[in-house]
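Engineer: The chain contents come next:
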Amino acid sequence: MVLQRFVRGLLFLSFSLLILIPNAPLKAAGGIAVPSQEWSFSGVFGTFDRGELQRGFQVYKEVCAGCHSLNYISFRNLADLGFNDEEIKVIAKEYEVEDGPNNDGEMFTRSAIPSDTWPAPYPNDNAARSGNNGALPPDLSLMVDARVGGADYLYALLSGYHDAPEGQEVADGMYYNAYYPGHQIAMPSPLSDDGVEYSDGTAATINQQARDVSAFLAWATEPNMEQRKRMGVMVLIFLTAMTGLFYVSKRKIWADVH
Amino acid sequence: MADTNEGTTRRDFIHVASATAGALGVACVAWPFIDQMNPAADTLALSSTEFDVSGVEEGMAVTIVWRGKPVFIRHRTQKEIQEATEVKLDDLPDPQVDSDRTTRPEMLVLLGVCTHLGCVPLGQSATDPKGEWGGWFCPCHGSHYDTSGRIRKGPAPTNLAVPPYKYISDSVIKIG
Amino acid sequence: MSEPKFNNSLIRWIDHRLPIFTFMHHEMHEYPTPKNLNYWWNFGSLAGIVLVIMIMSGIVLAMHYTAHVDHAFQSVERIMRDVNYGWLVRYIHANGASFFFIVVYIHIFRGLYYGSYKAPRELLWMLGVVILILMMATAFMGYVLPWGQMSFWGATVITNLFSAIPLVGESIVTLLWGGFSVDNPTLNRFYALHYLLPFVIVGVVVLHIVALHRFGSNNPLGIDVRGNQDTISFHPYYTVKDAFGLGVFLILLSAVVFFLPNSMGHPDNYIPANPMVTPAHIVPEWYFLPFYAILRAIPDKLFGVLAMFAAIGVLFILPWLDRSPVRSATFRPIYKVMFWVFLFDCVALTWLGAKPAEGIYVILSRLFTAYYFFHFLILLPALSIFETPRSLPKSIGKPVLGGGGAAMAAAPAAPRERS
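Protein chains in written order, with the working numbering: chain Z, 1 to 258; chain X, 1001 to 1176; chain H, 2001 to 2419.
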């Protein structure tokens, strides 16, 4: 009887949970269905693929970074991708950042160090707009959480540039994209076959680059994801055991009632 | 537990196990809630500072910031070095020879935090009181430091600390 | 109520001067509780625990959060990326808010089903409604703090509700904002109040419990407790039962915190607030959706706002709308059906609140809104007159185990084998 009630309670809870998740990413903004991809980082035990992340980082660095900032990532975070301290210092040194004021009150530039955040391509939003036909290239550090569909959507978008179908008007300075809401996007197709040269020998097709950079942005969005899932598995195992003990205790104590 | 009645023993054991599991759970949850107060990753990443000491001329002192605290860099005169090296160790509350406190004798690098209760001692600028031994003087509770930053008089228990630093080039030191 | 005996002399010394141990013994240990409570009665104490979880995680977040329009979003990202376990604490707090509402809504519907709002528990019920309103205010202001797009536009839309008030509406909105749009002064005061209100909730919860302990818990039969044979001591019976319920709750919360942490949020809130661009489809958090649906169902600004507030306000007078002397729906054949219809109505309103305000959704919203008020204002008073309840049992405690009921109530914690 008690168990039956409990099962009914659980059913109700799961039912409430179901109706509470109306934002499940089945359809991206604009009602366009996005095909879902297999990612190494999806699922309860998902982890990032370091090779994929490093390739994606290369795509970001050589392609996206020209227009898109990555404000919440510091050079030191690259350790997550498998780079060691020396490699990170070398990568950071390639960039100039503004610092100051110095003792004379002047701002100056110096080469970046691991604790610096990724330098933005434009000093401010207005400069970014004026450099891009009035459209603002968004910051990419939270892209996967900030778009319905997450990494699936980014992959679909980056590999979704086609010629506009018959009858679809595309405005001046806009480009047709199968997955962008409204199908007209101000960003021209950023990727091209062999647009980057992967050091691990992977063929740099558009789809491969789109995949790699989407995975990289999934990492950039939530660098702690692996820690979160690892901890989650342990917590759930512990809680299940604890709750089981509580249930047995409860049965014992209540055995005399009724 | 000493109860020989088997049913009772098993029952007690279950309750003890339950209570232990609950206590363990609370203890595990406590750690993240405490550890969050420790320095965050970005704070730790900022824990080293580089400084070019070539601009500090003899007799001059500058104060720079390391980990949010002042670091005293003093280019000592020959007279100051002499005073610092000639003092007898027996006269020091916290005996330490001057050469243990410097990498290059002329360039003294100290954490500018009084070892008594954390005030910043005076003595960096020309007009500051420098205490009876010509080093630094802490105005909060009257500690006197000598030209090697060693405590000579007052309530401070130890010498001014020397931060971890090294010369990464001829003129640039890296603190931290 | 016997005076407890404490073995520890220090506890005796303190208790003689400050009787907190006696108080705790009376209210949390021997507190006589109906023996027939089912698992739906777990949600009251569970809500109390969730409140504690929310306050603790919230204080941690406050240690790292910066309430300034230029830094708020960034400080939240710093919590997520750099603060030790910051992501964990924030996900607990953000999802904990949703779970808090799940728990409290179940608690409320349990009260509706079993008639827990009826005499002599009217004030207990009304204090609960006060807690609900405070929770809503707190949740709303908390959602503004990360200063994402949904934060900003949620704040704009909800504060604009007050502009519906005739004559002084605009001035009130300006007052709430501390300026001419939602901006830094608004963020700062929301932060101050978001920190304050949970402690006000704690205060009202204390009153809620004081009122509860005056007559004790209602029970699934809805009949009064007749004596010791109907009750058992709170500890260990209900402490262990609540602990088990808490375990189940924590499993569900952890599943979401660790594996679906953003499922109850909105992607747009990971875009920093931009006062120049409204997101295409703005929706409030799910727990506001039924009220949001009611707001949008009425094609008039003032009356829409009034209807929305009335939807909560009507709960205050519920004890006087439902005059049936029988509490539990178990013995009210018609009300029992109407309860499920009403629950369906609320779920439907939640669903409609998330839909765009166009076409069939508008018509359905109006229908379900009308039914919401019909249920409270017409159906319940009418049922009080026309419904014939089934006959009530004489008492809760039927003699079990050969009269063991009375013996057990006398020595509740003692295992029977020993006697």
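Hints in this document: simulated from the structure, not taken from any laboratory.
Values in this document were obtained by computation on a predicted structure and should not be read as measured data.
Cβ atoms here follow ideal geometry from the backbone N, Cα and C, with glycine treated the same way.
Please note: incorrect hints may appear among the correct ones.
What the hints assert, rightly or not - Below, in silico cross-link-like pairs of lysine to aspartate or glutamate (EDC-like), each with a Cα-Cα straight-line distance of 20 Å or less:
1. X:K1174 / Z:D85
2. Z:K61 / Z:D139
3. Z:K93 / Z:D80
4. X:K1174 / Z:E86
5. X:K1130 / X:E1086
6. Z:K93 / X:D1052
7. Z:K89 / X:E1050
8. Z:K89 / X:E1132
9. Z:K61 / Z:D193
10. Z:K229 / H:E2030
11. X:K1088 / X:E1132
12. X:K1166 / Z:E86
13. Z:K252 / H:E2030
14. X:K1166 / Z:D85
15. X:K1130 / X:D1052
16. Z:K93 / X:E1132
17. X:K1174 / Z:D80
18. X:K1174 / Z:D99
19. Z:K252 / X:D1012
20. X:K1153 / X:D1094
21. H:K2355 / H:E2387
Stated by the list, open to error - Which chain H residues face chain X? A few, computed with CB under 7 Å, are given here:
22. V2060
23. D2082
24. N2084
25. Y2085
26. L2088
27. V2305
Engineer: Please flag the earlier hints that this structure goes against, numbers listed from lowest up.
Structural biologist: 8, 10, 15, 16, 17, 21 and 27
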